[in-house]
Amino acid sequence: MTYQDVYAAWQNDPEAFWMQAASSIDWIRPPSKALFDDRAPLYEWFSDGIVNACWNAVDRHVEAGRGDQLAIIHDSPITHSYRGITYKDLQTRVASLAGALRAKGIENGDRVIIYMPMVPEALEAMLACSRLGAIHSVVFGGFAANELAVRIDDCQPKAIIAASCGLEPGRVVHYKPLLDKAIELASHKPDFCVIFQREQEVAKLIEGRDVAWHTFQYGVEPAECVPVEGNHPHYILYTSGTTGQPKGVVRHTAGHIVALNWTMKNIYGIDPGEVFWAASDVGWVVGHSYICYGPLLAGATTIVFEGKPVGTPDPGTFGRVIQNHKVKTFFTAPTAIRAVKREDPACEYIRVYSLKSLKAVFLAGERADPETVKWVEQHLNVPVIDHWWQTETGWAIAANPFGIETLPVKHGSPSVPMPGYDVQVLDEGGNPVPPGTLGAVTVKLPLPPGTLPTLWNAEDRFRKSYLTTFPGYYETGDAGMLDEDGYLYIMARTDDVINVAGHRLSTGAMEEVLSDHPAVAECAVIGVADSLKGQTPLGFLVLKKGMEDQAEAVRKDVVKMVRDRIGPVAAFKEAVVVDRLPKTRSGKILRATMVKIADGEDFRMPATIEDAAVLDEIRTALQGSGYAGG
Numbered sequence: 001m002t003y004q005d006v007y008a009a010w011q012n013d014p015e016a017f018w019m020q021a022a023s024s025i026d027w028i029r030p031p032s033k034a035l036f037d038d039r040a041p042l043y044e045w046f047s048d049g050i051v052n053a054c055w056n057a058v059d060r061h062v063e064a065g066r067g068d069q070l071a072i073i074h075d076s077p078i079t080h081s082y083r084g085i086t087y088k089d090l091q092t093r094v095a096s097l098a099g100a101l102r103a104k105g106i107e108n109g110d111r112v113i114i115y116m117p118m119v120p121e122a123l124e125a126m127l128a129c130s131r132l133g134a135i136h137s138v139v140f141g142g143f144a145a146n147e148l149a150v151r152i153d154d155c156q157p158k159a160i161i162a163a164s165c166g167l168e169p170g171r172v173v174h175y176k177p178l179l180d181k182a183i184e185l186a187s188h189k190p191d192f193c194v195i196f197q198r199e200q201e202v203a204k205l206i207e208g209r210d211v212a213w214h215t216f217q218y219g220v221e222p223a224e225c226v227p228v229e230g231n232h233p234h235y236i237l238y239t240s241g242t243t244g245q246p247k248g249v250v251r252h253t254a255g256h257i258v259a260l261n262w263t264m265k266n267i268y269g270i271d272p273g274e275v276f277w278a279a280s281d282v283g284w285v286v287g288h289s290y291i292c293y294g295p296l297l298a299g300a301t302t303i304v305f306e307g308k309p310v311g312t313p314d315p316g317t318f319g320r321v322i323q324n325h326k327v328k329t330f331f332t333a334p335t336a337i338r339a340v341k342r343e344d345p346a347c348e349y350i351r352v353y354s355l356k357s358l359k360a361v362f363l364a365g366e367r368a369d370p371e372t373v374k375w376v377e378q379h380l381n382v383p384v385i386d387h388w389w390q391t392e393t394g395w396a397i398a399a400n401p402f403g404i405e406t407l408p409v410k411h412g413s414p415s416v417p418m419p420g421y422d423v424q425v426l427d428e429g430g431n432p433v434p435p436g437t438l439g440a441v442t443v444k445l446p447l448p449p450g451t452l453p454t455l456w457n458a459e460d461r462f463r464k465s466y467l468t469t470f471p472g473y474y475e476t477g478d479a480g481m482l483d484e485d486g487y488l489y490i491m492a493r494t495d496d497v498i499n500v501a502g503h504r505l506s507t508g509a510m511e512e513v514l515s516d517h518p519a520v521a522e523c524a525v526i527g528v529a530d531s532l533k534g535q536t537p538l539g540f541l542v543l544k545k546g547m548e549d550q551a552e553a554v555r556k557d558v559v560k561m562v563r564d565r566i567g568p569v570a571a572f573k574e575a576v577v578v579d580r581l582p583k584t585r586s587g588k589i590l591r592a593t594m595v596k597i598a599d600g601e602d603f604r605m606p607a608t609i610e611d612a613a614v615l616d617e618i619r620t621a622l623q624g625s626g627y628a629g630g
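Quick note: the sequence shown uses UniProt numbering, first residue 1, plus one each step.
Careful: at least some of the hints might be erroneous.
Pairs of lysine-lysine residues, derived as DSS-like cross-links and limited to a Cα-Cα distance of at most 27 angstroms, are as follows [as the list claims (entries may be wrong)]:
| # | residue 1 | residue 2 |
| --- | --- | --- |
| 1 | 265 | 374 |
| 2 | 308 | 356 |
| 3 | 265 | 410 |
| 4 | 374 | 545 |
| 5 | 573 | 545 |
| 6 | 596 | 533 |
| 7 | 545 | 556 |
| 8 | 181 | 204 |
| 9 | 410 | 588 |
| 10 | 596 | 556 |
| 11 | 588 | 308 |
| 12 | 158 | 189 |
| 13 | 560 | 545 |
| 14 | 573 | 596 |
Hint data in this document are derived by calculation from the structure and do not stem from the laboratory.
Let's have the full structure, built from the sequences with the hints guiding it.
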């Protein structure tokens, strides 16, 4: 079947389409139907089915005779080690941890926070919670104590599972003092904490509250899988909110596993036994969907990577992992590729490795600029697929469906909507705009299985955040357009569409021009306050290594390039050269914070920022350039 066949099958009979997808899951009691719409616009999927996510991710593969196949490969260039865990070993380890949690009182519906680095035990903790019907909430390891405290108070966990430390190139990140401080700050106190002691740092345990991972499991009975209803909350994942209070995205169990299982074959082209690698972190949605659950539901081998695209030890790390573990499909963020490109423009480090196993590279997490995509295509000679989704959706809204067919690539576009998503671009009045016209990207309700049904303990906030602006539609918060062929273009967050003297302009379109300059490694464009025009665009440039002495010439070049390609209407007259851009740990550029710095406004330090010192560098660069806003 072609993509058009598959998409049409969903359009013509969504109920039959999703019931067919659900037939690939092991049910304790199959659902009577797919969509439950009695509380519209709050929709649910497979609600009356009975199922267990851990069984589908682990036990069923052992039962099918594939227990000796590798489920997880842990590759850590920081500790210079790697190890494999088979499905049978994983079943034993998860059942043991679940049994220990059960013995301490964890049961169906209880919340458990997981605060772990990139080690297999993080996945085991997630799966152990799923085994019991407990609701896990993974918090990025090393997250600040006050931010962790906010999450403790919001989801009120009965237990916290943490590691003693995380590892970054050249340093140890001390988790336990952060955890202790967070519990001290939080009003809610967990009953107990399980601490996975790493050899790089053994943490001091608090008597009566803390227990070591291995001691905790000694002598306990392993736990069987607990049946849960299809609409049982599987996990809570917090994403930053505009109010400063994080939003707890909820994922229902049945819809989550049905959708992810469908995507592994149809989007990523992965069959049982093949190796899939998402170079992300368990703290992010990619880590939930495509390090833990997606690959394991499909019976594939997933890679847990504890390293960086550069510096562990060099820009060839991605190539080494792909070669050594025979990766078929590789998923990373454009910012990781740009980091490699900046250090190794000719791709010499990666190309020393044999990449014959690699069939496709997927990019997501931020907009993939055409130059980055072309660079990977040129040097790796495989399809490079930009796809677009959100923490809220849990899987791709738009993609090039590699597992069905590889559609023609249009650089700058994440290709076409996936089954389940009726994507429409609307103007401010909620009316569809013509092809090629910039507007608000929305999805007509209902959203497909696996997407958020609500926010944790915040139904009103869910409605206001996503369902109110355009009644009958999910508001993505992104701005973009559809072309004549139905390809989607995501140009910016809605907040990043700037209004210059009455003209609505996309910062993404300007960034596309800037990134075309041969000396530019990374860039960002923001809109800053202007008393005459409302806003004017300001560019930030990170130059490739060895090009620093060309800064003034590059600045002049890019101003002319924007004028030539977009036109004088863009009013693009200024670009600032910086050493690096402020980003979250997942690689997203903190444009909203940069706007506040440029406008001289106060701002709240983003909880997910990778390195807060970069903000001071941005301020200094603005002041040094003579830009008034700095």
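Against the structure, the hints:
{"no.": "1", "hint": "265 to 374", "verdict": "25 angstroms, holds"}
{"no.": "2", "hint": "308 to 356", "verdict": "22 angstroms, holds"}
{"no.": "3", "hint": "265 to 410", "verdict": "22 angstroms, holds"}
{"no.": "4", "hint": "374 to 545", "verdict": "19 angstroms, holds"}
{"no.": "5", "hint": "573 to 545", "verdict": "25 angstroms, holds"}
{"no.": "6", "hint": "596 to 533", "verdict": "18 angstroms, holds"}
{"no.": "7", "hint": "545 to 556", "verdict": "19 angstroms, holds"}
{"no.": "8", "hint": "181 to 204", "verdict": "13 angstroms, holds"}
{"no.": "9", "hint": "410 to 588", "verdict": "22 angstroms, holds"}
{"no.": "10", "hint": "596 to 556", "verdict": "25 angstroms, holds"}
{"no.": "11", "hint": "588 to 308", "verdict": "16 angstroms, holds"}
{"no.": "12", "hint": "158 to 189", "verdict": "8 angstroms, holds"}
{"no.": "13", "hint": "560 to 545", "verdict": "23 angstroms, holds"}
{"no.": "14", "hint": "573 to 596", "verdict": "19 angstroms, holds"}
The earlier numbered hints are all upheld by this structure, with none contradicted.
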